[in-house]
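Chemist: With the hints as a guide, dock the two chains, each given alone in a separate frame, to form the complex.
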Amino acid sequence: MTTAYATSTTWIDACASSRLHTDDGIAVLLPGGRQAALFRTRDGHLYALDNIDPYTGAAVLARGIVGDRAGTPTITSPLLKHTFDLRTGHSLDSPHVRLTTWPVRDTGTTVQIRTPLAAP
Amino acid sequence: MKELVVIGNGMVGHRFVEALLDRDRAGHWNITVIGEEPRTAYDRVALSSYFDGATAHDLSLGDLTGPRVTVHTGERATAIDRAARTVTTSTGRTLTYDRLVLATGSTPFVPPVPGHDLPGCHVYRTLDDLDAITDRARGARTGTVIGGGLLGLEAANALRLLGLRTHVVELAPHLMPAQIDQGAAALLEHLVTGLGVHVHTGTSSTAVRPGPTGHAAHLDLDNGTRLDTDLVVFSVGIRPRDELARACGLATGERGGITIDDTCTTSDASILAIGEAAHHRGTVYGLIAPGNAMAEVAADRLTGGTATFTGADTSTKLKLLGVDVASFGDAHGRTPRSLDVVVNDAAHHRYAKLVLSDDATTLLGGILVGDAGAYATLRPMVGSPLPGDPLALITPHGAPPPGAHTLPETAQVCSCNAVTKGDLLSAIAHGAHDVPALKACTKAGTSCGSCTPALAQILTQAGITQTKALCEHFPHSRTELLEIVRATGTRTFSALIASHGTGNGCDICKPAVASILASLGNGHILDGEQASLQDTNDRHLANMQRNGTYSVVPRIPGGEITPAKLITIGEIARDFDLYTKITGGQRIDLLGARLEQLPAIWARLVQAGFESGHAYGKSLRTVKSCVGTTWCRYGVQDSTALAIRLEERYRGLRAPHKLKAAVSGCARECAEARSKDFGVIATDKGWNLYVGGNGGFTPRHADLLATDLEESDLIRHIDRFLMFYIRTADRLQRTSAWIEAMDGGLDHLRDVVVHDGLGIAAELEAAMERHTATYTDEWADVLADPDKLARFTTFANAPTTPDPTITFTTTRDQPVPTTPVHLAMPTTRP
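First to last, the protein sequences are chains A and B.
Residues in the first sequence are numbered from 1 upward in steps of one, following UniProt numbering.
Residues in the second sequence are numbered from 1 upward in steps of one, following UniProt numbering.
Bound conformation, chain B alone (with noise of 0.2 Å):
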């Protein structure tokens, strides 16, 4: 085995050590990683979104774990000794290596004005420079970035999110020279200087002055202005970390960075240097896509490959301050007698730029601003000849942009992990056949999304159907079934099938169907031809057992429950003999009840002041709480009486799939509400909503959707939010996998959720006001209703004859079915 050492522990350096253990099934490297900070590898690309509420934790890119592979964080690497192929590191730790990989990156360039060192003056990098910059904006009223580029705005979005009046300087005439032109920038600069951005262009700053305190408090830029800032952040650029590099001999560039060949090789054959760091054919990329393909590279090389690395796409798309802005390919047209194309709308906020070859046929780049919902159609095509007249491809209501279908095999689809068509091609042949497993085999779509419209285009372009059509019954998907009954206010599958449909429908259209007609208020579950749509669970009101019996779980909201009723419980369960057992849910399941018993059961909870609850079904479960300010010292919300709210307010609400949520009282998150459809945690200003999170068999964290809402406000985000996902998921599809799948992802669902942007929330809030509105008690109703109560009775013509095959045995003191389920009759035969 041959030792391999990494020093820098970031992004690439992750993505390399990743790439290798891929590649290095044989096991002939031991790997040691080195990294300065004191936390492993991090989304440094999303490091604005610590201002949004992620956590450190929610950023981290994960550990990097195998038996050959041993990571030191927060050691510095101090030398490298060509000679003797070792390296020392700050805790005095001497390595050798048969190959040495550097992955230093890069740090921010702080240009020598004077006062640029005083307290207050900052850098935006690391999160420990975050942490800095939010302590220092307590009590801070006015925050300057130094810099308007695509980090500067990103930090000054920072310091909006930390609630500072925001100062941008840039010394360009305008905003984002490196990605954008003066008409694109112009939109830019109007947009960003509505959210209250005060930009300061063709300046820069000539000194930072203290105040009284000693602290950065004015900046002085050369055009005479003075800024009041209690806080700076510089950030004008970056520089190339290659002082190790320097200090052993190897070769740089005239501009910093280490000089390496198509192979990631230095001038040294045993070091090789990829990222931020390195200098390849004159060009430093500050990117993350080129860092990870000289990543791939270098692990492909030291795996016995030859892949080359020649050079990068340095196209972008981002959202800056809430702006969307895209470049790609020549963006500035610097190909000699290039033409453009401009559509520049200021009044409907959209700018769009195409860079075409001199006989307009080809596409050579562009730039989007306000709208780049076009780049990942427009970007894969530079440098391939365009499908039709170039201004219809960037004019709103024009027509539709051409799908990825009209692109050669060797354009790159996904530019952030350089995926071409061809390879997409080529993992669909070896039966990569939708979506999720395109992305899982090839990576792409799996970094910044943008091109998973593409990848399905291409599906479909190799032929793969993904049919949308719910079983042989419809023809349609869940979410166009629920638009028909919605249009044509059609009330019963018998209607449905008849109009729509054809067969009789079957165990995955008719429990749909029921739970469409459900979510639009259709009365009783249990009501007419609607009883034998339901699956299961919901066909009884109860969980169906293995044996044939069921459990009941009483609803207790917010898993608050008086003595008196937790006696009333374990009353019932022993009266009827049930096995008793603690939820994950925060309730108490009774199991083995038989289905004549139910309704008695029922009546008993009805008559202790309980409903019985809906573990079951694709409905509301329960809103799992802690026990927030009332007890506990760190709380500084009242989670409980919010959670009950929550519970009793979405209470057999009929969805998809099943809903989970919980609210914790403060950050410590002890109700796991992270882990729900929809979980709220306390901050002291009001709550932040979270969603999309889930348990079971890919778990997933929930992603942040709002911050810091009043009650008020967080309940009518969660009605439209829960609406939203009613009205337009798949049959089966968890709120988690809705919101990855769908077109925008998180930031389309904050669109609609929190800015209303299809202006469909008012409609959602009524559909919920009326579900409200209409909710009773389902266990009462059956009581009720003489009709709804036969269906509780095993023999049609024995009411009063228990189901034989039903025997139990005692463990630990409680009744279970008897194992191996008995059967009562041989009914096979071979």
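So here's chain A without its partners, still in its complex pose (with noise of 0.2 Å):
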């Protein structure tokens, strides 16, 4: 993670709990001009990452498909189809390759992710 979290951080609404379907991501846009893709796994888990596909640069990571291998949580970006694991951000398809990701909740009417109160 980097190290703006442990300065000052805060949880911010993302959408409310009822938008975000089962394997079904959406985007959200973070103060600072980010984007985050938010996910909801079959499992119940909450993951947020960045919603750019690395390899393309293209904002799209919260269309692609959910889904695992091995047992690791994923999601498969839309357009060259590159593997992200959805706990780490870490690419399956070359080490060096990590997105960036945030701690998210529900708050049982909202899903919330936590970022830095500014951009990094």
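In case anyone wonders, no lab produced these hints; they're calculated from the structure.
From the three backbone atoms N, C-alpha and C, an ideal C-beta is built for every residue, glycine too.
Any given hint could turn out to be false.
[Claimed, not checked] Simulated restraints, written as ranges between beta carbons of each label pair:
{"no.": "1", "chain 1": "A", "residue 1": "T88", "chain 2": "B", "residue 2": "L746", "range": "43 to 53 Å"}
{"no.": "2", "chain 1": "B", "residue 1": "T310", "chain 2": "A", "residue 2": "A70", "range": "32 to 42 Å"}
{"no.": "3", "chain 1": "A", "residue 1": "A70", "chain 2": "B", "residue 2": "A773", "range": "39 to 49 Å"}
{"no.": "4", "chain 1": "B", "residue 1": "D781", "chain 2": "A", "residue 2": "S8", "range": "44 to 54 Å"}
Modeler: Printed below as a string of structure tokens:
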């Protein structure tokens, strides 16, 4: 994780709980202009990682397919099908590529992401 | 560099040059080919398909190309000067050679009966012969083939396809005396008589008599019969073309043929002979497989090899007049004290005979008529110990035939290309790990294809697991999953993976299952859980582009559009600032739409009477057409109207892969229908249906499936074809690969689609009816459903904010993505 988290973070509202369907991502605009792709998997876990596919530069990961590889929960980019570990953001195709991840929680009515107050 | 001259550009001559080019990597030989026909080599074995819709282009074996090859067509060699080592040709050209290869082939033998040279008398050997027969058949009613052998029956089929009442006259007591015995011939005669062919055996022609116009009109037989016939085709045998060789003093056989030794060398060490022109150890081979074997030996010898030709397998398997006939090994039981095992089931149209050694342990040969399915297993077993009870091998519903794993390494698996099991195992050891790779590197299975199932068995035996598992989550193939879904009535991915899979799925199995569910009719593709299964484009009903924007391609059925609608498309593109481009499928592509703009664009299209179109997804794309009889002075049918009807019938149909189609209004084929999964070409009697074509990485022309269909029949055939494809193809398998991988190939497909050989045609048609009855405009459905509409916002927490990473620049007056794609934030780290 980046050092920015240690300084000043806050939980921001991403969407209503009912809006985030299982295995069906949505994109969220973060303060400072970054974008998170938000997912809820079948076991109820929530994940948020950078929405931008680092291989193409397009902000599309929220529109990818959620699944697993040998038990690792994954998201596959809709563009060139690169696959990432939902928990860590690591690319399964190249160990040097890793997406930023953010903590997520569901308050019961709202899904929230914890982000730095300003852009790092 | 040394000079090589090849006289003859038939199949064997062509194969020889290919084989030589393959081996002569260092470029020692400069090759000149002389062919007397006006065209380059073509597939003479498939000649009769010319009457079934194939063109000269389809039959062509392709051009011999290379910096060191020159081919002269329409030019005949007239003399060989062995002392000077020169060849003179009909154009006066003189060619000098270091080595000369004679691949002059053969000529049909015409018996010298009175009237044999009347107009209306033909032979059946070249495309020119076929054109002459076709011309003569116009206005003719009856045709007679003299000769009831393999080629004679091919010719009889041609006459039948030309619409003639057809007779076959055979001197021997039964049909195909060279390949099959009396019992087999009796069944064959019964089956071809059922097709309307009149068979006369044990009799010969004594004279062809002219009618009042001087053309052939009657044929007298030695049994006193006089047949009325407008056309006579002689097909009683072949004679090697050895006249050039005789004239220059080369040794020839007593009954013709240029004498060669085991190295394919003639009595002159500088001259080789191959194919039907050659006479080897007392035999002239009239089949392609021995010719190919000689071509390979000759090419090997000319490049320093030590290969030998020691005789060849004359096994054959073919479909004559729609009847399977196969003959292999010692089919006639000429081996002393050999034993026969025969199943003669005339009621079920099957005859099978095995010839065994005197102790009944070794297979020597056999004959199959009616059902030659066992040929691929039995033929390579010749000379090997039998794996079990011989009767069980040829009894239907008996024990399944033993696989290729029982064969010794020396057994020839592909007789067309002389590939042994040892060759295949060696190729597998060098990395050919699936059937296509094996075919590519050994040529096995690339001619008649009958050994393809054996290739798969040998891969398995070599320990190569050809897994059919879709991915780690399902051990099943797509076809199996489809059957599971059909049988169990499962309607969700969650239920399917819980009952038949493991884990949570992935980008392979989710779209595959989504496609299966959609093919079987499961409501809107974005209903409920299905939305999360859909692949990139289906997920938002538009084509995602590299920068995350989408293209919208309004459906323009058949490519026909009014000026008003054309203007509307222009207005929409202008209003949303979209880049426009004309597509290859007769549509207009509108690019650069942001996710949240899609519903507004669709609404404008719906308002103007359009629907957005499937320019994406594994579904029907377009049905392209020409203007047909409405405008074109050459058109013979209304291709545009048919294309519109087909596109509207099959739109929205989800399949294992994309489906493209086209309709051409005449044989000029301006709609390029033969490059499509299904292509329709007008004839003056109806429509010809072609299937299995594609462009792309490996372009392939579609094959003719059925001819002269009425529109309603045509649509029934396409319904069956598409549904059979959807039911049985693998994931992402185009129709071409599906047909090529199918056991029995195009013949089997025709049997299922045209003749309803599996008895499933009604069910396939009903499935298509369900599809057409339930089709709705998927994009209009989204506009009418707030839940689905909610998917079309970029940011859940900022619905009115566009994606800031999407930017455009202007190129040639249109917006295009800023390149390189702007990376808004660094997201990767070392």
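Chemist: Need the list of violated hint numbers for this structure, in ascending order.
Modeler: Hint 2 is the one this structure does not satisfy, whereas the remaining hints hold.
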